[in-house]
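Asks: Chains as they are written, first to last, in the numbering used here: chain L, 1 to 179; chain V, 180 to 358; chain B, 359 to 430; chain F, 431 to 502; chain H, 503 to 749; chain R, 750 to 996; chain P, 997 to 1345; chain X, 1346 to 1694.
If you are wondering where the hints come from, they were derived from the structure by calculation, not from laboratory data. If you're wondering where the values come from, they're calculated on a predicted model, not measured in any experiment. All the given hints hold, so there is nothing to weed out.
Pairs of lysine-lysine residues, derived as BS3-like cross-links and limited to a Cα-Cα distance of at most 25 Å, are as follows:
no. : chain 1 : residue 1 : chain 2 : residue 2
1   : F       : LYS466    : V       : LYS259
2   : X       : LYS1348   : V       : LYS337
3   : X       : LYS1618   : V       : LYS244
4   : X       : LYS1674   : P       : LYS1232
5   : X       : LYS1348   : V       : LYS327
6   : P       : LYS999    : P       : LYS1182
7   : B       : LYS382    : H       : LYS684
8   : R       : LYS935    : F       : LYS454
To list a few chain X residues with every Cβ distance to chain R over 10 Å, as calculated:
no. : residue
9   : GLU1525
10  : GLU1533
11  : PRO1534
12  : ASP1538
13  : ASP1546
14  : SER1550
15  : LEU1571
16  : ARG1586
17  : ILE1622
18  : GLU1623
19  : ASP1638
Just so you know, even glycine gets a beta-carbon here, dropped at the ideal spot from N, CA and C.
Listed below, chain by chain, are the residues.
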Amino acid sequence: MQNEVQFAGFGGQGIMLIGKILAHAAMEEGFEVSWVPSYGPEMRGGTAYCTVVISDQPIGSPVIKNPRHLVAMNRPSLEKFAPAVQKGGIIFINGSLISVNSGRDDVDELVVPVVEMAKELGNVKTANIIALAAFVARSGVVGIEALKGSIKEEFAQKQKLIPMNMQAVDAGIQAAKKD
Amino acid sequence: MQNEVQFAGFGGQGIMLIGKILAHAAMEEGFEVSWVPSYGPEMRGGTAYCTVVISDQPIGSPVIKNPRHLVAMNRPSLEKFAPAVQKGGIIFINGSLISVNSGRDDVDELVVPVVEMAKELGNVKTANIIALAAFVARSGVVGIEALKGSIKEEFAQKQKLIPMNMQAVDAGIQAAKKD
Amino acid sequence: MAYVYSIDIEYCKGCGLCVTVCPKKVLELESKVSSKGYFPAYRARPEDCIYCATCCRMCPDVAITIAEEKAA
Amino acid sequence: MAYVYSIDIEYCKGCGLCVTVCPKKVLELESKVSSKGYFPAYRARPEDCIYCATCCRMCPDVAITIAEEKAA
Amino acid sequence: MGKTFARPESMSLAVTHYCPGCTHGIIHRLVAEVIDELGICGRTVGIAPVGCAVLAYNYFTFDFQEAAHGRAPAMATGIKRVRPDLTVFTYQGDGDLASIGMGEIIHAANRGEKFTTIFVNNAVYGMTGGQMAPTTMPGQRTTTSPFGRNVDDVGMPIKVAELLAALQTPAYIVRQAVLKPKYIVKAKKAIKRAFQYQLDRKCFSLVEIISTCPTNWGVNPVEAITWAEEKMLPYYKLGEYKTPEDV
Amino acid sequence: MGKTFARPESMSLAVTHYCPGCTHGIIHRLVAEVIDELGICGRTVGIAPVGCAVLAYNYFTFDFQEAAHGRAPAMATGIKRVRPDLTVFTYQGDGDLASIGMGEIIHAANRGEKFTTIFVNNAVYGMTGGQMAPTTMPGQRTTTSPFGRNVDDVGMPIKVAELLAALQTPAYIVRQAVLKPKYIVKAKKAIKRAFQYQLDRKCFSLVEIISTCPTNWGVNPVEAITWAEEKMLPYYKLGEYKTPEDV
Amino acid sequence: MSKVLMKGNEAIGEAAIRSGCLNYFAYPITPQSEVAEYLARRMPEVGGVFLQGESEVAVSYMIFGAAAAGARVFTTSSSPGISLMSEGISYMAGAQCPAVFVNIMRGGPGLGGILPSQADYFQATKSLGHGDFRLLVMAPASVQEAVEMMMDAFPLAEKYRNPVMILGDGLIGQMMEPVEFPDSKKTEPLNNDAWATSGLDTRKSDTRNLVKSLFLDPEALNNNNLLLKSKYEQMKREEVRFEAYNTDSAYNVLIVSYGTMSRVCRTAIDSMKADGIEVGMIRPQTLFPFPEDQIRAAADVTHCSVVASIEMSMGQMIEDIERSVQGKKPVKWFGKCGGDVPTPEEVVA
Amino acid sequence: MSKVLMKGNEAIGEAAIRSGCLNYFAYPITPQSEVAEYLARRMPEVGGVFLQGESEVAVSYMIFGAAAAGARVFTTSSSPGISLMSEGISYMAGAQCPAVFVNIMRGGPGLGGILPSQADYFQATKSLGHGDFRLLVMAPASVQEAVEMMMDAFPLAEKYRNPVMILGDGLIGQMMEPVEFPDSKKTEPLNNDAWATSGLDTRKSDTRNLVKSLFLDPEALNNNNLLLKSKYEQMKREEVRFEAYNTDSAYNVLIVSYGTMSRVCRTAIDSMKADGIEVGMIRPQTLFPFPEDQIRAAADVTHCSVVASIEMSMGQMIEDIERSVQGKKPVKWFGKCGGDVPTPEEVVA
Ligand SMILES: Cc1ncc(C[n+]2csc(CCOP(=O)(O)OP(=O)(O)O)c2C)c(N)n1
Ligand SMILES: Cc1ncc(C[n+]2csc(CCOP(=O)(O)OP(=O)(O)O)c2C)c(N)n1
Ligand code: SF4
Ligand code: SF4
Ligand code: SF4
Ligand code: SF4
Ligand code: SF4
Ligand code: SF4
Ligand SMILES: [Mg+2]
Ligand SMILES: [Mg+2]
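Just chain L, same shape as in the assembly (with noise of 0.2 Å):
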């Protein structure tokens, strides 16, 4: 079994950084993973995008031309991979700057307004655990628990955010039931 998940978004959202805590999670839970970036120029042009690859194998491609699922954190990402995400896959979509929808009706599409959620929580920088939490529970690619550790263990330096990305994972749960 093997699943892939595309971040996508521009440069501050912290794309990076829930790809790489899915990542930790997933290795935690025994799996194979690749976390694959995209970097270069468009760091300055303002956009994030990265890859993560779970498998119970040993990883062949790290580069996914059709990954499983989407997480979309803002509009021309959605459209730009959208239509690769391969039938029956997840597209998340960050509904506070997205407005539209993917487009597709053979996927399961979960639309969760992150932006606003966090400022409710207080800290608007958890939009994107909130995002991921919700992706993570409606997928059920790794396990909670072992999200929250990869979580604690990113933010060991910054004990003080914890509690604050904990109660971000909740609501990223609670938004997933909703939709």
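Chain L is already provided as a structure; the job is to place chains V, B, F, H, R, P and X with the ligands on it using the hints.
Replies: Positioned in the frame of chain L, the structure of chains V, B, F, H, R, P and X with the ligands alone reads:
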């Protein structure tokens, strides 16, 4: 028919120049020629060698292990190259600086005290031309007229030196006859 | 003489440098993000503007222009 | 104190620099070429030598040495 | 008394790839204005560096070459020697000019090559993600000086204008800034003078420009201006370091 | 009062390959004397350049590396960073240091690398047959400036000591000569001081030495000395340009 | 040891430290600058040396100087930066100095692009500089393999007194994967008293050491070259590494591919197998020495009708494959060279 | 025109002028410094440009700048200097700029020696720098041929908008032989209005020109590489040059050799013929493109039992011969690599 002449001595003796003059004369006579210098750090060490190949055919290897003739202007050069000279070749020895002979009995040895002769002519610097002329006269690898023409061309920018060098040629020819 | 002042939203990246240099405190940044992800500048108090072009000179993206109003 | 002055023919290249710096004009170059092709320096007037080592200091080839004479 | 203001003609209509508030854009505009004012767009060749300005050619309308990292002065030399009638300028960052390209700029300046260098000193390697530059300030944190530049270990920041002014060949060497409109006006004057010396076939000319890199300094554009004014200007003093008339 | 004089121990017994009257030999001897006097032969690593001194290692008795043309300062940096306990010096000609190796010497000096450079300025490329160097005098004929160095075309000779002294990092930078015994004495003092700064782990040190190349100047050794004194010394002024205490 | 999730570039830096190399000199260049950024923090922690050089040319000589003084040392760069090191690498090979050079390749020629590429194959395997010499070149296909090759690289460099190159594409540096640093691969530098310029006082031998590549005497230079040649022949005998995939099937096509590209091929092979098409693969792990015999043997079986060189370049490794196959089977090339890694779908096609 | 006796290096300089190239930038290095010394006098006479750059790195970019501005331009150097130009040459190939680079090879690796060598074969033919590109490489065997190849090099560089290399050994530069400068080879530079940065005012087109090798978009970079590849394929079709010697005999051995080495082989072949032994030779005049088909054909005849690569290197061209011969005949190497040119006697042995 191919003739190869090895010229050897130390820096400042005008070795490269007489090799070039010979090559030029041969070219003017319609031969194929190659003039191959040794170059490199020996320069600083003080040795100077060059090889002239003269042929009526396109010249194959310009690198000669066993030259037909040798013009040795100092003792180390004689010792280094004499054993390699082809049987029946000419070994010219600068008698002013070399008190021994080649130790070969299968070659034509020609010893000329060119430095003293040049002093007599009033210019020590013509010793090399005397040596060349003597060698040419003895070997006949090129004609004397061609040799003279080539020397004149070499000194075209320094006309004043030409008469002196013509005298040197004559002196060389005489010496070749004498020895 | 009348002037036409404009900030081109295609160029403005919301850096805020124009805001800080305007001698008349005319400029502010939008509070809503543009589709490019920026909060562009705008003249919050155009009536105070003296068309000194200080903001233009400072703008790294040549987003601000001031033209003479053409007689209609 | 007595000194032993020597110019090593193996090292001397006949550059003449020692000749020019000797305050007592002690040194000259040989008129005969060595087997290496040089005209080495020698003390033409050793009696004038004050063993100041100026020549040694100038010699680029460390050809000149001055030692104290050993009691026999 | 109002003023009009429009995009210079030598500047293209492209939106730059520079980060918000990055002063590269201001410097580009000044160069374009000067080229317009001198009317030399049709005989100018620009040389883009390797650095954030690697795509500079997209923002101008005249001929351009793209150099390798640090080698723009050698390229400019090549052009000027075979085409002295062209106006040539290099546009270089501090990593480009003062680190890998130190040999090339010194020798071009010393030969008195008749081109102009616009030298953008933002105290960091912008393009590659904020590594330490030869111009990074003492104590400044960068990705390769994570504990701050330690001058005991890697020396003091290089003052390029002063260094080049120490050469004997006549040249026009000046340092300006683009941190505020008052500096920008002076910077433009310096750029114009630099090009004028070239047009007069007089000498090599270089304008060092104190600049910002909000992204890699980890501050917002407005804070970046303040930091540059407070930290950089006292060390990198503005002014003319050499004019060809000096000698 | 007489003096004794003997070959220094750090110097090998080999006959050098240098031309008669070439001052490289004098400088070699001074370095060896200083190393003997400081008693550091066993922990010294020399770096030979590419130039006439390429075989310098044959004339010393301690460890040596051979650099590529111009890169000795980078090699020295490599050694000193991994083995700060070693004493390291580079021995470089003017083509090597001031032309191809300009970037390396400036950056090593600016980082304050704790090694010593012996810089032999003979105003020409000796090894390769007398081409123009950055230090060639105005009007001086060389094989690549056959009509004399034209400063309008290729600029003024580079004054390396002055240029390096313009950097901000503390250093010991001095210029001496070996044209006569009186200069030689001072040159040796400078070399010793340079090594001492290194032993004290204080700073980078460089001794520029005005030297001769009779062969490529086309004069005899004695004339070469006169030419250097008359033509070079007025331009390349002897003296200390910087000491670490200055700053 | 448990696994950690690390970016290839950082894992490469850590692997060097774990294998006992505490000296690093480098110049930033995408896509490998993270090695320097990682080591700028890490080296002070372990008492090692970190220095950002002023250029790649200078860095190559810092490496040379440090290696010649007897230190374990390495650098990392990417394509244009490696070109600038070519003179220095040639000097090191000529002077027989060990060190490790990592090239995280990007698109070329020229400034090219910064995305993954394998277009420096020729440079790495044939001629990183002038003169007759070779590098031992290893090509990792995963972050874990990059770590292991790094840790092996130092003792290999010392065994042969020759530079070793790790040749990865941009993805190897940029990708994060779980890694382990095997303690068993930690090694001690070989005793180098016999040749390193470590200062007479600090070693047992009392003859001075000289590190150089100049041999003015033609005989001596020829001998040095023969000595180098004999080392490369020894590498060919002792250091060939490769991995075979699906070669126990009755494959009709034999793929030769390395690095990230070979992983794409593996996925393609799996998917073709699912469709009933058998394709075998030899993945060279050392590019020099090249697994010539193994490829020839694998091509020479009757069920194999064609050999395919699949590279992120315009066809470089194909020349070594052609040499290896000796005309026994046709050799075809498939590749891309702009920074996009060809997808398994494209490989299949 | 009558013949003049000239040193190879001087003849190379003069040939450039005679073929219409009046721009030269270089840095001195043995054994080719005489080119610069000659042109330092000659260029002012013909109103050309002579500049001694501060280093080979800088020179390569002076060449790049001048070529990109539309000028005919060339440089000369020797092995280590060529290594330093490798980044620049890669940039020029990527940006499609024509120019001529002459490498008068000396012994390597490293500082090596200054005597003749052919050890930069790989570098010249496979990878003078990073990325996928090739130089058109011509290898003269006499001073006259050096002159002719120089004169052909400029139009070829312009035809392909690609750097061309003349690869000679130290002897080609140092030797004096009679030469003629054929007027027929004088050419005019191709019109380059379409791409050269010559200033908008001075050309007909009114779109600005941009010379660059950066293609951030992977598709664009791939396309640039495909374009380059197509040029190299065209060279393979149109530019192969070689000379066959004694191949009408029933040779048992086929020698492949180039440059000065091939002349030594010719003498050896003659002397063996005198002894009744027939040996044939193919002398590649272009090393890239390599006369693959011709060598294969010559090896494939029944009377030929072995192919010998005779090089002044430790075995580089042999790899191209092996590829060409495709296993049809065994390929052996003979060479020397210290600066001594092997003598005919050694070749025979
Ligand atoms: C030979 C080479 N080395 C390194 C690089 C990577 N590189 C690209 S830009 C850059 C630094 C640019 O910094 P700077 O010149 O200060 O320009 P800025 O981005 O700050 O404007 C580096 C190191 C390269 N492209 N080529
Ligand atoms: C990369 C490279 N370029 C050029 C050369 C050729 N070369 C050898 S020595 C030298 C110049 C030496 O001049 P300088 O440094 O002044 O030393 P000198 O011989 O005068 O003492 C040159 C250009 C080389 N060996 N390597
Ligand atoms: S023109 Fe002057 S007053 Fe008006 S907004 Fe700009 S800076 Fe302010
Ligand atoms: S300075 Fe320009 S880009 Fe910045 S906010 Fe103002 S208008 Fe926008
Ligand atoms: S200075 Fe030395 S080498 Fe020169 S002549 Fe005197 S002793 Fe001989
Ligand atoms: S020791 Fe003094 S006096 Fe004696 S020869 Fe030497 S310089 Fe002259
Ligand atoms: S990284 Fe820095 S220099 Fe580069 S565009 Fe952004 S702000 Fe400007
Ligand atoms: S060429 Fe000049 S520098 Fe070299 S050894 Fe001779 S005199 Fe000395
Ligand atoms: Mg910068
Ligand atoms: Mg010199």
